[in-house]
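J.: Listed below, chain by chain, are the residues.
Protein chains: 2
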Amino acid sequence: MQETKVVLPDREIPRQWYNIMADMPNLPKPPLHPGTKQPVGPQDLSAIFPMALIEQEVSTQRWIDIPEEVLNIYSLWRPSPLYRAHRLEAALGTPAKIYYKYEGVSPAGSHKPNTSIPQAFYNKQAGVKRIATETGAGQWGSSMALAGTMFGLDVTVYMVNISYKQKPYRRIAMETWGATVHPSPSPFTNYGRKILEMDPDNPGSLGMAISEAVEDAASHDDTNYALGSVLNHVILHQSVIGLESKKQFELVGDYPDVIIGCCGGGSNLGGVAFPFLQDKINGKQLRVIAVEPSSCPTLTKGEFRYDFGDTAGMTPLMMMYTLGHDFMPPGIHAGGLRYHADSQLVCQLYHDKLIEAVAYGQTAVFEAAIQFSRTEGIIPAPESAHAIKGAIDEALKAKEEGRQKTIFFNLSGHGYLDLAAYADYLAGKLEDYEYPETMIREALKKLPVV
Amino acid sequence: MQETKVVLPDREIPRQWYNIMADMPNLPKPPLHPGTKQPVGPQDLSAIFPMALIEQEVSTQRWIDIPEEVLNIYSLWRPSPLYRAHRLEAALGTPAKIYYKYEGVSPAGSHKPNTSIPQAFYNKQAGVKRIATETGAGQWGSSMALAGTMFGLDVTVYMVNISYKQKPYRRIAMETWGATVHPSPSPFTNYGRKILEMDPDNPGSLGMAISEAVEDAASHDDTNYALGSVLNHVILHQSVIGLESKKQFELVGDYPDVIIGCCGGGSNLGGVAFPFLQDKINGKQLRVIAVEPSSCPTLTKGEFRYDFGDTAGMTPLMMMYTLGHDFMPPGIHAGGLRYHADSQLVCQLYHDKLIEAVAYGQTAVFEAAIQFSRTEGIIPAPESAHAIKGAIDEALKAKEEGRQKTIFFNLSGHGYLDLAAYADYLAGKLEDYEYPETMIREALKKLPVV
Numbered sequence: 007m008q009e010t011k012v013v014l015p016d017r018e019i020p021r022q023w024y025n026i027m028a029d030m031p032n033l034p035k036p037p038l039h040p041g042t043k044q045p046v047g048p049q050d051l052s053a054i055f056p057m058a059l060i061e062q063e064v065s066t067q068r069w070i071d072i073p074e075e076v077l078n079i080y081s082l083w084r085p086s087p088l089y090r091a092h093r094l095e096a097a098l099g100t101p102a103k104i105y106y107k108y109e110g111v112s113p114a115g116s117h118k119p120n121t122s123i124p125q126a127f128y129n130k131q132a133g134v135k136r137i138a139t140e141t142g143a144g145q146w147g148s149s150m151a152l153a154g155t156m157f158g159l160d161v162t163v164y165m166v167n168i169s170y171k172q173k174p175y176r177r178i179a180m181e182t183w184g185a186t187v188h189p190s191p192s193p194f195t196n197y198g199r200k201i202l203e204m205d206p207d208n209p210g211s212l213g214m215a216i217s218e219a220v221e222d223a224a225s226h227d228d229t230n231y232a233l234g235s236v237l238n239h240v241i242l243h244q245s246v247i248g249l250e251s252k253k254q255f256e257l258v259g260d261y262p263d264v265i266i267g268c269c270g271g272g273s274n275l276g277g278v279a280f281p282f283l284q285d286k287i288n289g290k291q292l293r294v295i296a297v298e299p300s301s302c303p304t305l306t307k308g309e310f311r312y313d314f315g316d317t318a319g320m321t322p323l324m325m326m327y328t329l330g331h332d333f334m335p336p337g338i339h340a341g342g343l344r345y346h347a348d349s350q351l352v353c354q355l356y357h358d359k360l361i362e363a364v365a366y367g368q369t370a371v372f373e374a375a376i377q378f379s380r381t382e383g384i385i386p387a388p389e390s391a392h393a394i395k396g397a398i399d400e401a402l403k404a405k406e407e408g409r410q411k412t413i414f415f416n417l418s419g420h421g422y423l424d425l426a427a428y429a430d431y432l433a434g435k436l437e438d439y440e441y442p443e444t445m446i447r448e449a450l451k452k453l454p455v456v
Numbered sequence: 007m008q009e010t011k012v013v014l015p016d017r018e019i020p021r022q023w024y025n026i027m028a029d030m031p032n033l034p035k036p037p038l039h040p041g042t043k044q045p046v047g048p049q050d051l052s053a054i055f056p057m058a059l060i061e062q063e064v065s066t067q068r069w070i071d072i073p074e075e076v077l078n079i080y081s082l083w084r085p086s087p088l089y090r091a092h093r094l095e096a097a098l099g100t101p102a103k104i105y106y107k108y109e110g111v112s113p114a115g116s117h118k119p120n121t122s123i124p125q126a127f128y129n130k131q132a133g134v135k136r137i138a139t140e141t142g143a144g145q146w147g148s149s150m151a152l153a154g155t156m157f158g159l160d161v162t163v164y165m166v167n168i169s170y171k172q173k174p175y176r177r178i179a180m181e182t183w184g185a186t187v188h189p190s191p192s193p194f195t196n197y198g199r200k201i202l203e204m205d206p207d208n209p210g211s212l213g214m215a216i217s218e219a220v221e222d223a224a225s226h227d228d229t230n231y232a233l234g235s236v237l238n239h240v241i242l243h244q245s246v247i248g249l250e251s252k253k254q255f256e257l258v259g260d261y262p263d264v265i266i267g268c269c270g271g272g273s274n275l276g277g278v279a280f281p282f283l284q285d286k287i288n289g290k291q292l293r294v295i296a297v298e299p300s301s302c303p304t305l306t307k308g309e310f311r312y313d314f315g316d317t318a319g320m321t322p323l324m325m326m327y328t329l330g331h332d333f334m335p336p337g338i339h340a341g342g343l344r345y346h347a348d349s350q351l352v353c354q355l356y357h358d359k360l361i362e363a364v365a366y367g368q369t370a371v372f373e374a375a376i377q378f379s380r381t382e383g384i385i386p387a388p389e390s391a392h393a394i395k396g397a398i399d400e401a402l403k404a405k406e407e408g409r410q411k412t413i414f415f416n417l418s419g420h421g422y423l424d425l426a427a428y429a430d431y432l433a434g435k436l437e438d439y440e441y442p443e444t445m446i447r448e449a450l451k452k453l454p455v456v
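Protein sequence lines, in the order shown, are assigned to chains A and B.
When you line the first sequence up against the numbering used here, it's residues 7 to 456, in that order.
When you line the second sequence up against the numbering used here, it's residues 7 to 456, in that order.
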């Protein structure tokens, strides 16, 4: 019998997160206060984050202990399985070996609970009663709702209005886990009311929803804010993916030549790749590839400079590859990959040529997703399908070159709640969109000079 | 750290299925030909089933080898994890230990691929090119679609018209796996055309869809039919659930006092319980409980007698607990539990008092599902939530009695594609329905006397 996957018992869940800031050749430049343009200190963040997370955000300690309470919840789905994609390899006729880590086994169906759980834990520990957060299509909101019910925290989610109306399933999941979900813009914040006054039918945007959630958290003593990607502590928590994968590769006596992750804010790529990147920094041969949509080509077409994390310009300025913070992505389906910038850690490592990047159009991505579903069975989330497309291309290159190669990608989530996008693809309704270079240059001209 | 689940490596997938017919104190009476009322022979079934499955249907051999090709596909998700429900136990304050086997890890999200995969394999081996089958909400159809793509078989699914229109997600999943899906009644069969002539907007029913699929298979040489529950060979394939669970219980040094499964056609209950029931037949103390909806109370209110397997009366007569084959269940959400009868194996064992049964209304079932989601994380399929309700009741009984007890249930699938039912429950729109005793007695009077 062919063995397909490597599973680990609960006791093999990593006990510490890996912090790549201990090993980076160059640390990111410090975030700057949006008003003073001076480096931000911990106190600037304490209105919306608990001190434990602020400490993790700035820590350069290599290993950070995972609390017992977090490990207990992680054990509901972790360690996640590492798969060998025998059937995809055969379909491609490639000499390459393809492996994938499957994060869709979490109750929320993606890798996001790896960080929502510790974020909820540290907030609970700090005496916080409620978390306010935003969500686009609902991946992050549902992960935070799950974490809230696990630690007895109330969760308020500002969900982009158009998704709230058109994609009810993830909203229902959040409510099933006990969260309160408001369509954003909402009448519950000053910012939301201002927009609704001008336009009662405003479809909303992720930028608006962030602004509402931050305002909610900043204006209520018992409430904090939580973010699902981009920040250093988020990527720290996601390192469990790569740490487990390293153990699993050891068990099969293999090691990846190429590691591939889709890249929206960077937490999924960082989570799977950074523990391996430590080896590369120490001299190991290894390629890491970030895959992004050509409709939001942050790394491949953006500029490396200071920009705001949000649309309204209220967050600190961070040193990132960016398309400009008022970037308006077209309505493609891979919702989680539509951020105008990326984690400053991913950006710095890309700048230092430790990470490569590639961009694909969505029809090629869905074609890859269909091929994967029909060979490996799992229907992937559209975001994760970007990594699949990257892996297939590497495998076909290995075939052309007649070379053995070990390819590894992160299958960050399943697509059960994204099936409408599959229906559109199968009906020929999806179109590719390349974000025009000229629009990027125009947007970047408007950025503040720091 | 608290250990939550027991996982097994791929090599621990059982190599043989367990056939309870080798151990039953009384075998079911033979199925009868619908016309002659004489026992059916293998040749009566060969127009729509391959000989390998017909042999399994009538075999009394205790162990039947699982083909290598099936094991290779099983390894995409099997062995499935056995969970200890620490957090649910704590919420209930029960001294009982609660375990569950989680079958939602299959690519189709339920236990159904345990049988769709071998059914596809044996059909492929017999030279069949296409499978015709029916589906209600889509659990079975999507599992058959998955199996078809794994073995290169075309799959045609007749999907109940109203589900086709109202619940598009599972239809899209089937199409993603390459199946052709027709709303039933369809213009592609004589039976379908006849109904459409009388009523072009007919909403369809599972009985009609079965008739269409059987007609399609019987009238095309290259096409066979496949059924997702009820039949002996289906329950045989599902025995992998219980066999794995026994190994997992051994590893934690425990053994269930009570085993609970929801019961629609019986394959999920039989799959999890029959390998343990062998021990009970051999003298071990053990209770097995079938949980059914009070809107379709087959075991708890039906009669044990010969009845047809389908609505039109075209299948063999089987000795079953039945509500009458023209039973019209109300439109409750737990779609998979709306069959008018049950597997003859489950019925015989219930008749012989080796199995107990209990029925619940759906609001109590959804209340249990919400409690489970908010403690254990996983949002269960409504069908599986019947087993959860049964387990919670047993755990509360143990609490009242102040008794230690080991409770085990099968969590047969996740509820990602059933979230609309959760929304209805959370909005207070679900109502309970007890199928009236008088209607059952009336329906049974019309059955043929054999």
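No wet-lab data here; the hints were simulated from the structure.
Hints may be right or wrong, so weigh each one.
Copies of one chain are not kept apart here, so a pair can be met inside one copy or by any two copies together.
[Stated by the list, open to error] Straight line, CA to CA, 30 Å or less: simulated DSBU-like cross-link-like pairs of lysine-lysine:
#1 K451 <-> K135
#2 K11 <-> K130
#3 K103 <-> K130
#4 K171 <-> K435
#5 K11 <-> K252
#6 K135 <-> K173
#7 K35 <-> K200
#8 K451 <-> K35
#9 K403 <-> K130
#10 K253 <-> K11
#11 K435 <-> K173
#12 K452 <-> K35
#13 K173 <-> K286
J.: Run every hint past the structure and note whether it holds.
T.: Here is what the structure says about each hint:
In this homomeric assembly, K451 and K135 never come within 30 Å of each other (Cα to Cα): the closest approach is 42 Å inside a single copy and 61 Å across copies. In the homo-oligomer, the alpha carbons of K11 and K130 lie at most 30 Å apart only across protomers (25 Å), although the nearest pairing inside one protomer, at 36 Å, exceeds that limit. For the homomeric pair K103 and K130, the shortest alpha-carbon distance between copies (28 Å) is at most 30 Å, but the shortest distance inside one copy (43 Å) is not. Taking CA atoms no more than 30 Å apart as the test, K171 paired with K435 passes in both settings, with 20 Å inside one copy and 19 Å between copies.
In this assembly of identical chains, K11 and K252 lie within 30 Å of each other by CA distance both inside one copy and across copies; the values are 14 Å within and 21 Å between. Proximity of K135 and K173 under a CA criterion of 30 Å is satisfied intra-copy only: 28 Å inside one chain copy versus 37 Å between copies. For the homomeric pair K35 and K200, neither the shortest alpha-carbon distance inside one copy (35 Å) nor that between copies (74 Å) is at most 30 Å. In this assembly of identical chains, K451 and K35 lie within 30 Å of each other by CA distance solely inside one copy; the values are 21 Å within and 83 Å between copies.
With identical chains, the CA atoms of K403 and K130 are never at most 30 Å apart, being 49 Å at best within one copy and 33 Å at best between copies. For the homomeric pair K253 and K11, the shortest alpha-carbon distances inside one copy (13 Å) and between copies (19 Å) are both at most 30 Å. Taking the closest pair of Cα atoms, K435 and K173 come within 30 Å of each other both inside a single copy (18 Å) and across two copies (20 Å). Within a single copy, K452 and K35 get their C-alpha atoms as close as 21 Å, which meets the 30 Å cut-off; across copies the closest is 82 Å, which misses it.
When the C-alpha separation of K173 and K286 is checked against a cutoff of 30 Å, the pair qualifies neither within a copy, at 41 Å, nor between copies, at 48 Å.
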